[in-house]
Amino acid sequence: MNPKLPYILLVGAAVVIFILSCMLLSRGGRSPSCGSQPSVVEKTGSTSQSLVFADLTPEEMSQVVRYLQGHLGVPLVDASRAKPSDNCIASVDLQVPAKAEVLRFLDGGGARPPREALAVLYFGQQPDPNITEYVVGPLPTPAYHRDVTVQKYGGKVPYHRRPTLGSEYEQLGEFLEKKAFAAAPTFLREVLEYDRTNVAFQATVPHGFQSGDRMTWFVLFQNVSGFFVHPVGLEVLVDHSSLDISQWAVSRVFYNGQYYRDMVQLESAYVQGRISVEKVRKAPWDGDFSSMKPRAPPAALFPVQFEPQGPRYSVRNNQVLFQGWSFAFGMSVSTGLRLFDIRHKGERVAYEISVQEALSVYGSNCPGGMSTRYMDGSFGLGRYTSPLVRGVDCPYLATYVDTHSVSDSLRPQKRKASLCIFEQNLGSPLRRHYSNLQSLYYGGLVNSALVIRSIATVGNYDYVWDFIFYQNGALEAKVQATGYPSSSFLHGDGLRYGNRLWEHTLGTIHTHFVNYKVDLDVGGVKNSLVAHDMAFEMTRAPWSPEQQIERPRLTKKVLDTEDQAAFRLQSKMPRYIYFAANSKNKWGHQRGYRIQITSFAGDHIPEASSMERAISWARYQLAVTRRKEEEPTSTSIYNQNDPWTPTVAFADFINNETITNEDLVAWITAGFLHIPHSEDIPNTVTVGNSVGFLLRPYNYYDLDPSIYSHDGVFFTSEQDFTACEINPLACLPKTASCLPNFPPFTYDGFRNM
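Quick note on our numbering: the sequence shown kicks off at 16 and runs consecutively.
In short, the hints are calculated from the structure, not lab data. Here the structure is a predicted model, which is why all the values come from computation and not from measurement. All C-beta atoms in this analysis are idealised placements derived from N, C-alpha and C, irrespective of residue type, glycine included. Keep in mind that a hint or two might mislead.
To be verified - List time: in silico DSS-like cross-link candidates among lysine-lysine, alpha-carbon distance up to 25 angstroms:
| id | residue 1 | residue 2 |
| --- | --- | --- |
| 1 | Lys98 | Lys193 |
| 2 | Lys297 | Lys308 |
| 3 | Lys431 | Lys308 |
| 4 | Lys194 | Lys171 |
| 5 | Lys294 | Lys194 |
As the list claims (entries may be wrong) - Derived CB-CB ranges, DEER-like:
| id | residue 1 | residue 2 | range |
| --- | --- | --- | --- |
| 6 | Leu258 | Val702 | 45 to 55 angstroms |
| 7 | Ser226 | Ala550 | 44 to 54 angstroms |
| 8 | Asn756 | Gly170 | 51 to 61 angstroms |
| 9 | Gln734 | Thr701 | 38 to 48 angstroms |
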């Protein structure tokens with residue numbers, strides 16, 4: 016026998032044992048995949064009812080386009096190629112039915128309202144060019160159309176008020192490159208090193224100083240990543256009011272603090288050495304300081320949230336169910352994310368909550384900056400809703416929803432994963448108490464809320480729109496601003512209008528205002544507006560009359576008229592203001608929902624301004640009016656390009672009508688002042704740039720409804736708080752020890768650009 020054989024067998028056996036041990040250990044240590052259990056959802060009515068608010072499907076949009084092409088008797092050019100002198104379809108959106116019709120259907124067993132679309136058309140090829148709005152229906156097979164323009168606006172909408180199509184901006188870019196710039200070849204070549212690819216334009220609005228104007232300042236930047244903070248000092252004013260593109264002309268030129276009649280005069284002054292030239296260092300393609308590429312390598316992964324037993328909410332068509340909440344959602348082309356038929360515990364709290372407008376007013380010592388007043392609804396908060404990135408824009412495992420629109424095109428455009436829905440553990444208790452007096456116990460509830468989100472990228476800014484649903488019956492609307500600050504070329508007294516962000520970059524001061532429509536129906540359609548607050552009163556101590564006590568007391572007031580319910584932006588407003596129902600809770604109080612606004616707004620433009628009425632909603636932090644079908648929105652997409660004769664002036668809504676026991680709407684404005692600073696480079700963060708409002712139950716329930724949440728935790732000093740049946744947190748090692756199923760990362764944001 017070979018004396019080495021036992022050793023060889025022992026070594027072989029050891030290797031086999033080692034391999035088997037590793038296999039067993041690896042198999043035993045692997046966590047199972049997270050399962051999916053049916054959500055605990057209360058019945059809140061048929062999900063098919065929510066379809067009355069559903070966005071148009073791509074098929075319905077196409078049907079509307081085909082119907083209009085065949086029934087208007089005029090040629091319709093694809094808006095993506097249209098000239099100002101053409102007829103085209105600018106947009107197609109859902110025509111939301113009248114509230115009375117919808118409520119008869121939802122609550123009274125009435126017929127479903129006909130499904131209709133609202134189409135906006137530009138008629139440039141007519142003796143009297145105009146904008147016309149048609150209601151087209153019934154869908155999915157249209158058989159009629161009716162002109163609702165005069166009914167909605169009291170007259171025809173002049174053609175100069177039309178929102179600028181993408182095709183018109185392309186035509187303006189071509190005009191600048193081929194005609195305007197041809198007049199100053201030496202200046203552009205030697206000062207800007209212009210090669211037809213290295214310059215980007217940003218257009219300003221409104222277009223002029225009076226009704227009928229259509230003149231736009233184009234601010235020039237280096238065409239690099241984050242170009243918004245790379246101004247080169249040249250700005251060009253183009254008059255494009257004529258429907259004949261060949262008649263467009265340069266009206267004025269600005270360079271480094273000096274104005275010129277046109278590009279010819281600029282070229283002449285440069286060639287003669289009469290210009291103070293400030294050459295800007297050429298930036299690399301990635302923008303250098305404006306690049307968003309991380310300056311640090313990847314390291315340990317950030318925390319990721321998952322649902323160990325699957326989502327606890329459901330999304331069916333356009334309806335969301337979560338805990339006691341249910342609501343329908345949609346995406347308007349102009350105003351973006353909107354909610355309808357919002358219910359808690361099966362009872363409607365609000366009929367509609369929707370964004371109305373996002374406004375920015377800029378200051379600068381450059382013409383483009385000082386004349387800018389962006390009303391982003393005219394560009395389209397829904398149209399520019401951007402595809403969302405898993406794990407950054409929303410939690411990785413959120414539910415992502417595609418949206419569609421017809422805007423600037425004859426074909427429906429799909430925005431993949433442009434809306435997300437998720438439940439979020441906010442990492443703090445919704446309520447809690449630790450008792451170490453008398454009895455010893457702990458009681459608490461994790462603050463886990465449902466969020467529905469979209470993000471609109473309108474030019475340089477990104478707006479993160481959230482609606483958040485809490486387990487205590489509160490609802491929050493919030494917008495966070497990020498993206499790039501707009502900038503001007505730094506010269507002269509520029510620091511009066513902002514901070515220096517880079518060598519030639521002035522971050523220009525500006526305001527942000529966001530307006531919401533909140534149609535609350537608290538305990539029914541008819542509500543009143545009530546204000547509660549506090550006042551100190553002096554009283555003598557009953558047990559010691561020679562001593563005085565200052566004690567706060569409750570003040571109460573019913574606000575009877577629209578004038579009383581219109582609170583100016585910087586004025587003092589009652590701290591508790593609520594919609595009161597005609598019913599009472601168990602304790603004899605009127606059931607209500609309170610409006611609580613979070614805002615750090617700058618000042619509103621002076622009312623003496625010729626354009627102020629177009630944005631008069633921003634006068635008020637809160638205005639409550641009677642709900643009227645003929646007052647569906649606080650502004651109009653046509654106000655941007657003719658703010659001097661606004662198509663809709665919100666100030667006219669407030670005419671001292673009685674608002675006691677009526678169907679009421681709250682118009683809420685929140686905002687913040689932004690003075691860009693060095694930390695806005697490379698771009699602006701959301702932290703601190705968040706405003707909005709809360710709707711909170713106020714004596715609406717007999718007690719906090721979250722006490723019925725399945726997430727509650729309670730144990731006493733005498734209980735075994737390590738036992739699962741006493742404390743569900745003790746079960747986490749068992750119930751949450753699973754591996755989430757992460758789908759592969761995909762992104763479609765760069766398709767069909």
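Hints, verified against the model:
no.: 1; hint: Lys98 x Lys193; result: holds (17 angstroms)
no.: 2; hint: Lys297 x Lys308; result: holds (19 angstroms)
no.: 3; hint: Lys431 x Lys308; result: holds (24 angstroms)
no.: 4; hint: Lys194 x Lys171; result: violated (34 angstroms)
no.: 5; hint: Lys294 x Lys194; result: holds (24 angstroms)
no.: 6; hint: Leu258 x Val702: 45 to 55 angstroms; result: holds (47 angstroms)
no.: 7; hint: Ser226 x Ala550: 44 to 54 angstroms; result: holds (48 angstroms)
no.: 8; hint: Asn756 x Gly170: 51 to 61 angstroms; result: holds (58 angstroms)
no.: 9; hint: Gln734 x Thr701: 38 to 48 angstroms; result: holds (42 angstroms)
In the structure shown, a violation is registered for the earlier hint numbered 4 alone.
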